[in-house]
Amino acid sequence: MSKINLGGVTFGAGLSAPSLGKANTSSGISVPKVGSISANAGIDVSKGLSGITGGIELKKDNGNVFTSGASKKSVEDKSHQAISSYFIGPRAENLSYFKDNMNVILDHLEKGRLDYFPEDGEFITDDIQASETFQKRTASVAKAVGDLSQLMVARNIKYYPLAMRQAFDGPLGFLADTFTVKTAQNVEKLFTELTTWELLNLRPGTILDIPDRLNRDYGISSKYIEQILDQYGIQSRGKEALDRDFGIEKPAQYMLSNTRHYSWPKGGAVAGIGSENMVGIPVDYGARINMEELEKRLEENLKNKQAVYAVAAIIGTTEEGAVDPLGEILSLRRRFQAKGLSFLVHADAAWGGYFASMLPRDYTPGSGFMGTLPVGLGDAEGFVPDSSLRKDTQEDLWWLRQADSITLDPHKSGYVPYPAGGLAYRDGRMRYLITWTSPKPGASAVSTFMSNKCIGLNPDGYGALLGEVTYSCSRLSAQWAAMTDDTMEFVVVPFNMLPSELEPNATPESIEAEKQWIRDNILSSSNLEIVTNSSTSPGGDTALSLLRKLGSDLNINAFAINFRTTEGRLNTDTLEANYLMRRVVENFSVDSPGDDPTKIPLYLTSTEFSPELYGDCARKFKERLGLRDDNEDLFVLRNVVMSPFPTEKDFITELTTIFKKVVEKEVTVSRERNALTEDNHEFLVQGQDPIYFVHKPSFHAANHRRQTIFEVDLPEDTKHDYLTLKSQYPEELITFSTTQAVDLTKAINESGELIGYLNSDMTRPMLPSVPVKVKRKWLDRPLTGPSLATDYPSGRMPFYLYGDLDATDSAQLHIDHALLRYPNIQLTAPAINLSFPTAPQKRDASHDGTPLVLFINDVREETMQPFPDKNATLASLPNFFFREGKEFAVSVWKDPVAGSQDGQEVLEAWEKMGKGDEGDDSQLLVGRGKMTLGPGVFVDAEWLNVDPYKRVDPVAAWIKELEKIGE
Numbered sequence: 000m001s002k003i004n005l006g007g008v009t010f011g012a013g014l015s016a017p018s019l020g021k022a023n024t025s026s027g028i029s030v031p032k033v034g035s036i037s038a039n040a041g042i043d044v045s046k047g048l049s050g051i052t053g054g055i056e057l058k059k060d061n062g063n064v065f066t067s068g069a070s071k072k073s074v075e076d077k078s079h080q081a082i083s084s085y086f087i088g089p090r091a092e093n094l095s096y097f098k099d100n101m102n103v104i105l106d107h108l109e110k111g112r113l114d115y116f117p118e119d120g121e122f123i124t125d126d127i128q129a130s131e132t133f134q135k136r137t138a139s140v141a142k143a144v145g146d147l148s149q150l151m152v153a154r155n156i157k158y159y160p161l162a163m164r165q166a167f168d169g170p171l172g173f174l175a176d177t178f179t180v181k182t183a184q185n186v187e188k189l190f191t192e193l194t195t196w197e198l199l200n201l202r203p204g205t206i207l208d209i210p211d212r213l214n215r216d217y218g219i220s221s222k223y224i225e226q227i228l229d230q231y232g233i234q235s236r237g238k239e240a241l242d243r244d245f246g247i248e249k250p251a252q253y254m255l256s257n258t259r260h261y262s263w264p265k266g267g268a269v270a271g272i273g274s275e276n277m278v279g280i281p282v283d284y285g286a287r288i289n290m291e292e293l294e295k296r297l298e299e300n301l302k303n304k305q306a307v308y309a310v311a312a313i314i315g316t317t318e319e320g321a322v323d324p325l326g327e328i329l330s331l332r333r334r335f336q337a338k339g340l341s342f343l344v345h346a347d348a349a350w351g352g353y354f355a356s357m358l359p360r361d362y363t364p365g366s367g368f369m370g371t372l373p374v375g376l377g378d379a380e381g382f383v384p385d386s387s388l389r390k391d392t393q394e395d396l397w398w399l400r401q402a403d404s405i406t407l408d409p410h411k412s413g414y415v416p417y418p419a420g421g422l423a424y425r426d427g428r429m430r431y432l433i434t435w436t437s438p439k440p441g442a443s444a445v446s447t448f449m450s451n452k453c454i455g456l457n458p459d460g461y462g463a464l465l466g467e468v469t470y471s472c473s474r475l476s477a478q479w480a481a482m483t484d485d486t487m488e489f490v491v492v493p494f495n496m497l498p499s500e501l502e503p504n505a506t507p508e509s510i511e512a513e514k515q516w517i518r519d520n521i522l523s524s525s526n527l528e529i530v531t532n533s534s535t536s537p538g539g540d541t542a543l544s545l546l547r548k549l550g551s552d553l554n555i556n557a558f559a560i561n562f563r564t565t566e567g568r569l570n571t572d573t574l575e576a577n578y579l580m581r582r583v584v585e586n587f588s589v590d591s592p593g594d595d596p597t598k599i600p601l602y603l604t605s606t607e608f609s610p611e612l613y614g615d616c617a618r619k620f621k622e623r624l625g626l627r628d629d630n631e632d633l634f635v636l637r638n639v640v641m642s643p644f645p646t647e648k649d650f651i652t653e654l655t656t657i658f659k660k661v662v663e664k665e666v667t668v669s670r671e672r673n674a675l676t677e678d679n680h681e682f683l684v685q686g687q688d689p690i691y692f693v694h695k696p697s698f699h700a701a702n703h704r705r706q707t708i709f710e711v712d713l714p715e716d717t718k719h720d721y722l723t724l725k726s727q728y729p730e731e732l733i734t735f736s737t738t739q740a741v742d743l744t745k746a747i748n749e750s751g752e753l754i755g756y757l758n759s760d761m762t763r764p765m766l767p768s769v770p771v772k773v774k775r776k777w778l779d780r781p782l783t784g785p786s787l788a789t790d791y792p793s794g795r796m797p798f799y800l801y802g803d804l805d806a807t808d809s810a811q812l813h814i815d816h817a818l819l820r821y822p823n824i825q826l827t828a829p830a831i832n833l834s835f836p837t838a839p840q841k842r843d844a845s846h847d848g849t850p851l852v853l854f855i856n857d858v859r860e861e862t863m864q865p866f867p868d869k870n871a872t873l874a875s876l877p878n879f880f881f882r883e884g885k886e887f888a889v890s891v892w893k894d895p896v897a898g899s900q901d902g903q904e905v906l907e908a909w910e911k912m913g914k915g916d917e918g919d920d921s922q923l924l925v926g927r928g929k930m931t932l933g934p935g936v937f938v939d940a941e942w943l944n945v946d947p948y949k950r951v952d953p954v955a956a957w958i959k960e961l962e963k964i965g966e
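The sequence shown begins at 0 in numbering that gives the first Met the number 0 and counts up by one.
Careful, some of the hints might be misleading.
Using C-beta positions, here's what the derived DEER-type ranges look like [said to hold, decoys possible]: (1) Thr177 / Ser609: 53 to 63 Å; (2) Ala240 / Tyr217: 41 to 51 Å; (3) Lys772 / Pro592: 48 to 58 Å; (4) Leu876 / Asn303: 24 to 34 Å; (5) Lys598 / Glu294: 28 to 38 Å; (6) Tyr602 / Gln922: 39 to 49 Å; (7) Lys598 / Arg775: 32 to 42 Å; (8) Glu663 / Arg360: 47 to 57 Å; (9) Thr486 / Arg763: 22 to 32 Å; (10) Arg360 / Leu94: 49 to 59 Å; (11) Lys249 / Arg215: 31 to 41 Å; (12) Asp946 / Arg775: 27 to 37 Å.
Quick caveat, the hints were computed from the structure, so don't treat them as lab data.
Predicted model, so just to flag it, every value in this text is computed and none were measured.
A virtual CB, placed ideally from N, CA and C, is assigned to each residue, including glycine.
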């Protein structure tokens, strides 16, 4: 490998990727061309999917009801006939009707615009309107405005009684002896005698009644009340002033699940509530708010006398389609009001609000409504049956009527173009709590009104449409649930657990029995066969009722993939499972300029479940996938079903067949990159007596996924040549490359032998190959997922210090940067000069073959990571910190977790060292002093991080494409 030497630092160059899973006669394989996998894999997974689909073509078939396209049954289904008129159609079947309708409107619009100052030029160009920024901002503003409005109402209604209480010490003082209200506990008291806590916890209806009662009972005009609020209200005085006047030291809080939309904490900051007071509540295994945790938090606030603005129930999370138990939240509020704690209940139904139209007008919880057939518009032989939602979901949608406020986004399940959003109040008086106005164009409002009127907010309109969507979603969820078995090289696991998994006595056998029943009775059946199938699953469900229980609460399917290793065991490394899923998503998305959208038969999106936000929910999902319980985010695939058009069995089967073929190809990559075999390796050679080999690691090859340092014995002639070269050229980088594949683990642990040759830019290979004896292992730490931490070191930069600390010759001390997180950088320095103002403690600490830990105290690693991924870029940096002659303040410690393979444990232990009382670490501290880097410094960010299977870099490709504009 050729090198770049600049300023006393050798940067790796001329990169070739490490071999992956197979022994090679050279030290690596060249990086494959974009769009294909390396020769080792022997497959091509370029984004064009021809050859992957197994000859399947997605097209209509004349009259065959078991392929894509409409069938005779769909033609006879009156419900589906109505739904079909709402859309342009998958094949633009209704485009002529759409054009006719739009042209009538646009002709009038164009005439009006052109007749008005016809000499004016164009202001908003097509390019501006088509830009990603334009589209995103219009959508995000609509969402943010809805959430922010609700937050400001919650804030204002909480502080309204405080403002009025101050008015009762001023202009409304003449009412102080007569005006009474009922507390949250339904006790009637004089308004002026209420404590601050009681004022903060008046029921919403009680608060909203105050101005009406002042007008009705005392003749005080609304205009005068408005003037009072201008003087005393929170919008004029500010939250901080009212807090100060009433001695409020604990800020009120807003509670909602951890999986809330990102606009919530932003809205909290803008509204003055503070993002830190937007309290996240843990979620259950289905990503719904955990009611036990919510109740605990409310009890804590009640005990601490800390007010609560509101609790938000998310009616359809954007990532998982989960519906929070709104009915239980409303019941919980009633119980806490009896204890003296009151708050608003807001329903964030941005995604799921329109699904309420599936419920009949006379529906009530417990009525037994199923809704599995077309509602009043046809018989049971519809091509796509309507499907109801889960019983719990239906009931929570029904409870929307009892929420104090609801946000709704018609541009989601209302099928209205961006941006359209709404905020509804149960008590219309709430809207007066915000006195500011923000006029907006009415186009989105008009389009929402038109869609609602044309389609209908009832079971025959949007209800029928979303009923078919729900059914189609359930058909896909059945595929994700039962697609794989133990004989396959990968597993697909749906996020939402199967009914058999939810049973308290669930076993792998009972779960597999239900999956097999799904394969036999749902995956292999037509829609009509499913509707008429009267047989029951092991859990007692018919095919139709079981479909109702599969998948999410609404129309989003989240699922994940894991693979089996070449030994047949499920992979346990979260990072490797994430790697596989990212590659799969790349096949089903447009992520580079070379991707052709017309060649992608199925689009998948993705999200991440972080342990911080998802807690036990993420841990349970990992457990079901066969992954370790760790602190890594879990990459999750998702598909959102919006199409109501026929999805008879073979159409979905065709799509999932393509999906399986792509996964099989990508699993080949994952298995190969994780296969442990004999392989060739390259080492940096350091020291004089003893001589050390420092392994050149790679995060992307199982055979090289380790940080390893060991002592060796060189043959006398080879050792003489090496020492001579080092004495003449101390800055020269000398490496050792094996020529015979070896099991490195066995060689290290059994004092084995390596066959290879020394190499340097000065001499090139020192042939012939020679045997090298492994003498003593100093470090052999894996770089797999469990051995990595979730963060980079924060206050310092850690290194392994190895060699003889007691030696008088500085050439006997060396350092190698500790690799605790991916991506990273290899920083290795031989022959450092380490000096201490006072004699270091435990000078013999380095004699046992265990590296010490050296911290560069004035370098904060987390601020520098990730480093540039090109060595040439690093070499061009004029002030790169790791160079010959650089001096650093350092501290040296015995490693309290030496030998640990848990990356998070290592990081947390090291972060604590030297941060508390010095006495706490006295047994670990070796000394504090100065370190100066000597010649032969080595830096590499390429070999360590390069992925030889990586296709085109999408970011770089798009930048290159954009640079062509204007040429």
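**Request:** Return the numbers of the hints above that this structure violates; sort them in rising order.
**Result:** 2, 4, 5, 6, 7, 9 and 10
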